[in-house]
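*Asks:* Chains as they are written, first to last, in numbering that gives the first Met the number 0: chain A, 0 to 319; chain B, 0 to 305.
Note that these hints are calculated values from the structure, not bench results.
Quick caveat, the model's predicted, so the values are computed rather than measured.
Some hints could be false.
List time: in silico EDC-like cross-link candidates among lysine to aspartate or glutamate, alpha-carbon distance up to 16 Å [claimed, not checked]:
| no. | chain 1 | residue 1 | chain 2 | residue 2 |
| --- | --- | --- | --- | --- |
| 1 | A | K80 | A | E174 |
| 2 | A | K80 | A | D49 |
| 3 | A | K152 | B | D124 |
| 4 | B | K298 | B | D124 |
| 5 | B | K300 | B | D124 |
| 6 | B | K192 | A | E29 |
| 7 | A | K107 | B | D166 |
| 8 | A | K152 | A | E141 |
| 9 | B | K96 | B | E148 |
| 10 | B | K298 | B | E93 |
| 11 | B | K192 | A | E54 |
| 12 | A | K152 | A | E174 |
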Amino acid sequence: MATRRDLIALSVVALAAATGLGISLTRPFEAPLVPPIRSFDTAAENQLWDLVNAEFGPADAPTIPAAFADVVRGDAQRGRKLYEVQCLHCHGADGYADTYTARLLTPKPRDFHLGVVKFTTTASDAPPRQEDLERTLEQGLEPTAMSSFGNLKPGERTDLAAYVMNLLIRGSVFEDARVRLEQQAPADALAQAIDIETARWAAAAAAPTDPPARPQLQAAGAELELFQSSKAGCFVCHGNDGRGLFAKDTPALSLLDIWGEASAPRDLREGPLLGGESATDLYWRISSGIKGSPMPPMEDLLSPEEIWSLVNLVQSWRAE
Amino acid sequence: MKAWFTIHRLAWLGLVFTIGLTIGIGGTITSTEVGMAYPTWPNINGSSLFNIFYGKLSEAFGIGSVVEHTHRQAASLTGLIMLVLAIMTWVKKETPKRMRNLATVSLLVVIFQGLLGANRVLANDYLVAIFHAVGAQLVVALLVLMVKESATSWERPAQPFPAHRVDRLRLWTTTTMVLLFLNLFAAASLRQKQGAFSGHLILAITTACVLLFVIQQVLTKFRGHVQLQRLAKTTAHALGTQLALGVAAWAFLLGPLIGSFPDEDTRFLFQSILATAHLLCGVLVLALVTAIWQEAKHKLKPEVKV
Chain A
0 MATRRDLIAL SVVALAAATG LGISLTRPFE APLVPPIRSF DTAAENQLWD LVNAEFGPAD
60 APTIPAAFAD VVRGDAQRGR KLYEVQCLHC HGADGYADTY TARLLTPKPR DFHLGVVKFT
120 TTASDAPPRQ EDLERTLEQG LEPTAMSSFG NLKPGERTDL AAYVMNLLIR GSVFEDARVR
180 LEQQAPADAL AQAIDIETAR WAAAAAAPTD PPARPQLQAA GAELELFQSS KAGCFVCHGN
240 DGRGLFAKDT PALSLLDIWG EASAPRDLRE GPLLGGESAT DLYWRISSGI KGSPMPPMED
300 LLSPEEIWSL VNLVQSWRAE
Chain B
0 MKAWFTIHRL AWLGLVFTIG LTIGIGGTIT STEVGMAYPT WPNINGSSLF NIFYGKLSEA
60 FGIGSVVEHT HRQAASLTGL IMLVLAIMTW VKKETPKRMR NLATVSLLVV IFQGLLGANR
120 VLANDYLVAI FHAVGAQLVV ALLVLMVKES ATSWERPAQP FPAHRVDRLR LWTTTTMVLL
180 FLNLFAAASL RQKQGAFSGH LILAITTACV LLFVIQQVLT KFRGHVQLQR LAKTTAHALG
240 TQLALGVAAW AFLLGPLIGS FPDEDTRFLF QSILATAHLL CGVLVLALVT AIWQEAKHKL
300 KPEVKV
């Protein structure tokens, strides 16, 4: 039998345990990390970086400048909190993906500082729209470490995408202004970069999201002929049969993306296709290319009908 | 006798394997945050779960995928050991019912753990990850019970001690077990970035205080009980180490020393090792407390004064 002293002590312990458990269940994790202080080669670049941070807020307290208010939806600050839990260990405290965890993964997590992501529904020279990021968050990019975040609520994905938009836009503004530093002072270079980038991001956001209507199927064989033609040139990397000439056993055949990572052409007949397998996904992939990768855009080389015929071909291969 | 010896050895093997490999690698996964190195389960993009070509795997998916892959392989072998243990207890008719139940429950818990692990990956769900972490400790506790109950020394009779002392020890060892699992939940929440540090801190301090009281009780009130004395002394050492590791983990992962690393590589390596060591020492404390709880429950005979 427990004594009165035991019961009193047990009550105190139960109260402490309930308090600890209650805090664990209700109070959010507070990330201890602060964004690394970036240092660049020249004083002008460092000054420009400070100006960009003043414009977009530091990476852990983001703000969306008024010029970009129309292209970003959601609460970037709430998105940052989610980013700290869900994304930071791979994509880094300020989106440079230079964490140690990122080094343990292949392919490497996306480095946002160039303002480029691979899978978009925009023209080849256009930046992504926020919906592209939200779709990637929802669907993931299997079989890479970028898994689906479909378990987040839609509003949370919007906030998270808003924060990633902040990182992407700040990156592209910085890189745009950086190349102007030889001729301009940092403040002037930034002002001009913001003007140009505002127009680019706004145009991408306003462009139609659906590809041109899909035409009737062409005669059998025409698609393969196009695939193997010098006009489209798909066979050069993907092989005559679409299996990916360099895809197997020869990853060292050094096709690199703009982040310096090996980028082997996909086997189009089997295995996952990153960025989705729907007809629309495939259309954009062929039309705009995979941004930053060796997969070039076909929008200037092929008509929409021809692009659709390649989509038909890939889908027929995958259905076999 | 031979069958018991085999079960005992197998349970030991399972325990060492579970703590050293499955939980050790699992803890490393959380420390290095590579749990989602590839979001398929159990195979890696078509490559078998039992693929041991780690070099090729690393080349294709990165070292992180090898860490995750070996955790799944170790967990599969833990499951296999549990299955053999369960079959052995079912086949041997002279096996005590309690032992058979323990083996069956352990097997079911391990299978459930595997399904939780799958769900954690496929749904990318942090809450599932927390329960997966706590479930692993439950497997350890069950294995400790099996190791002890299959030992020949378990045949010894219960030792008589004053009833009020026995009751008190049983009450507080049970309380410690409950606190340990609550604290494990809080710690897993913290490691999965879902819960505040202060929750884990409060529970850790509470658990440590209660455990110190248990140790003090054993050392002073049960002097003649060799097994309990030995377990209490070992637990005291493990608790001291665990508290030191806990303070270090706080200082270097969350507290004032977080900025004291010369470079990112050193920071990552040191923090990962520290966090995993803190986890493993915690598992050791749980295993020892489970053993004390079991001794207190079955090997103490309340002596009523007439």
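*Asks:* Under the criterion that the straight-line Cα-Cα distance not exceed 16 Å, is the pair K298/B, E93/B satisfied?
*Replies:* 22 Å, violated
*Asks:* Under the criterion that the straight-line Cα-Cα distance not exceed 16 Å, is the pair K80/A, E174/A satisfied?
*Replies:* Outside the cut-off at roughly 26 Å; violated.
*Asks:* Quick one, are K107/A and D166/B close enough, alpha carbons at most 16 Å?
*Replies:* Violated, at about 58 Å.
*Asks:* Just to be careful, I want the Cα atoms of K298/B and D124/B compared with a cutoff of 16 Å; is the pair within it?
*Replies:* 42 Å, violated
*Asks:* Given the proposed pairing of K300/B with D124/B, does the C-alpha separation stay at or below 16 Å?
*Replies:* 46 Å, violated
*Asks:* Can the restraint linking K192/B and E29/A be considered satisfied, given a maximum Cα separation of 16 Å?
*Replies:* 8 Å, holds
*Asks:* Regarding the pair K152/A and D124/B, is the alpha-carbon distance no greater than 16 Å?
*Replies:* 13 Å, holds
*Asks:* Would you mind confirming whether the straight-line C-alpha gap from K96/B to E148/B stays at or under 16 Å?
*Replies:* Status holds; Cα separation ~12 Å.
*Asks:* Straight-line Cα separation of K192/B and E54/A no greater than 16 Å?
*Replies:* 30 Å, violated
*Asks:* Hey, K80/A versus D49/A, does the alpha-carbon distance stay inside 16 Å?
*Replies:* Violated. K80/A to D49/A sits at ~22 Å, over the 16 Å cutoff.
*Asks:* Given the hinted pair K152/A and E141/A, is their alpha-carbon gap at most 16 Å?
*Replies:* Distance ~20 Å between K152/A and E141/A Cα, so the pair is violated.
*Asks:* Hint check: K152/A vs E174/A, CA-CA at most 16 Å. Holds or violated?
*Replies:* 33 Å, violated
This entry does not satisfy hints 1, 2, 4, 5, 7, 8, 10, 11 and 12, going by the numbered hints stated previously.
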